[in-house]
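Chains D and Y, in that order, give the protein sequences. If you count by our numbering, then the first sequence holds residues 1 to 306, one letter each, in order. If you count by our numbering, then the second sequence holds residues 1 to 103, one letter each, in order.
Treat the hints as calculated values from the structure; they're not laboratory data. Heads up, a few of these hints could be off.
[Stated by the list, open to error] Label-pair distances were calculated between CB atoms; the ranges are:
#1 Y:K80 - D:R235: 36 to 42 Å
#2 Y:D43 - D:N96: 16 to 22 Å
#3 Y:V16 - D:R235: 26 to 32 Å
#4 D:N263 - Y:V16: 35 to 41 Å
All C-beta atoms in this analysis are idealised placements derived from N, C-alpha and C, irrespective of residue type, glycine included.
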Amino acid sequence: MYDIIIVGAGISGMTAAIYGRRASKSVLVLEGASYGGQIVNTASVENYPAAPNISGFDLATEIYNQAKALGAEFKFEKVLEVKDLDTEKSVVTKKNTYSGKTVILATGSENRKLGLENENTLIGTGISYCATCDGAFYKNKTVAVVGGGNTALEDALYLSDIAEKVYIIHRRDTFRGEESTVEILRQKENVVFVYNSVVKKLNAQKRLESIEIENTADGHTETVNINGLFVAVGRIPVNSAFSGLVELDGSGYVAASENCRTNVPGIFAAGDNRTKEIRQLVTAAADGAVAATQAVNFINNYRYFS
Amino acid sequence: MSVIKVTADNFEDEVVKSNGTVVADFNADWCGPCRMLAPVLEDFAEEHKNVKVVSINIDEEDELAEEYDVSSIPCLVFFKDGVEFDRSVGFRQKEDIEELVGE
Chain D
1 MYDIIIVGAG ISGMTAAIYG RRASKSVLVL EGASYGGQIV NTASVENYPA
51 APNISGFDLA TEIYNQAKAL GAEFKFEKVL EVKDLDTEKS VVTKKNTYSG
101 KTVILATGSE NRKLGLENEN TLIGTGISYC ATCDGAFYKN KTVAVVGGGN
151 TALEDALYLS DIAEKVYIIH RRDTFRGEES TVEILRQKEN VVFVYNSVVK
201 KLNAQKRLES IEIENTADGH TETVNINGLF VAVGRIPVNS AFSGLVELDG
251 SGYVAASENC RTNVPGIFAA GDNRTKEIRQ LVTAAADGAV AATQAVNFIN
301 NYRYFS
Chain Y
1 MSVIKVTADN FEDEVVKSNG TVVADFNADW CGPCRMLAPV LEDFAEEHKN
51 VKVVSINIDE EDELAEEYDV SSIPCLVFFK DGVEFDRSVG FRQKEDIEEL
101 VGE
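Using the sequences and the hints, build the whole thing.
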């Protein structure tokens, strides 16, 4: 039995592992993909203290090596379920079942999808959720960005310097994102605003060729030829596997306050999948420290069957 | 076998004219998930001597990337006797790659 089982090896999960090990607890970190979480996609991080300019990959690797050197065990297995068995917690992965005295849920968030029919199969052949990752492949091509927040606006701005033409498709007529960015985009000759509109259909042969856009005001649909569609409609927490385990808020985040405690004793939440205002690397790391310390206190104050 | 670096000059010989299974990894130095995937592929190549694994840097070989319609990386393109039979985009575990090549 492990003292602490951490679900997710992003910044918060790996920080929790460091704190757990420094308190001499046995720690298992389970991860379904690679360590690091979403920051791995960021080429340059400039807001992490003591690292004025570091790639997301290097930052994640530093933290991973630090946690490993302290004795945290990492297993790359996707967690399917966590069970609260009263005296212990059981964590079921694709391959094994592990038991722990405490569990820290640090599963983070993922890109929200449009929910269109062939969206998944077109990832990498016309659909992208990361303009800075994939933008370079659309040099002198026609692309569209869907969304109305800052990410969508910044994606459009980034792409406007690469692509021949950029459509911004937004379901309302005003943006949630910064007005100053909207102003800059208005000055760009190759940016076209498409308001009150939603993408209804993706047309593809081998790759994405065109999209069908519906005007929500009058129901009129139009087909637009594009090479790439960049989806920036927000992020969603990866908590669906825990909906029967811990209390989630209306948006699907684990309902835990700054103390990272869920409504289930011995189960904690850390990082982007928790109800919180600011989702940044440092706040994810802070959550990891808080959740691990709470877990350590929980273990030291309770008796367990061994 | 370790991962072989391939350019436009030897792509034809190493991939298209190659018998058996070839995994072509399109990647770039600035791409974090590509750097995550690299050691996984090294590991895979060591364990599966019958599968050839090649690496293509898309910044140096933009024509190959264009020819193979790569528009997101890391992109693994799977060839059997020189013919593409599958591809995957994004980080993958070793077991996922084994499943994709049918090992």
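Against the structure, the hints come out as follows:
The hinted range of 36 to 42 Å is satisfied by K80 (chain Y) and R235 (chain D), whose Cβ atoms lie roughly 38 Å apart. Our hint of 16 to 22 Å for D43 (chain Y) and N96 (chain D) holds, since their Cβ atoms are close to 20 Å apart. Under the hint 26 to 32 Å, the C-beta atoms of V16 (chain Y) and R235 (chain D), about 40 Å apart, miss the expected range. Under the hint 35 to 41 Å, the C-beta atoms of N263 (chain D) and V16 (chain Y), about 58 Å apart, miss the expected range.
In this structure, the hints that do not hold are numbers 3 and 4, in rising order.
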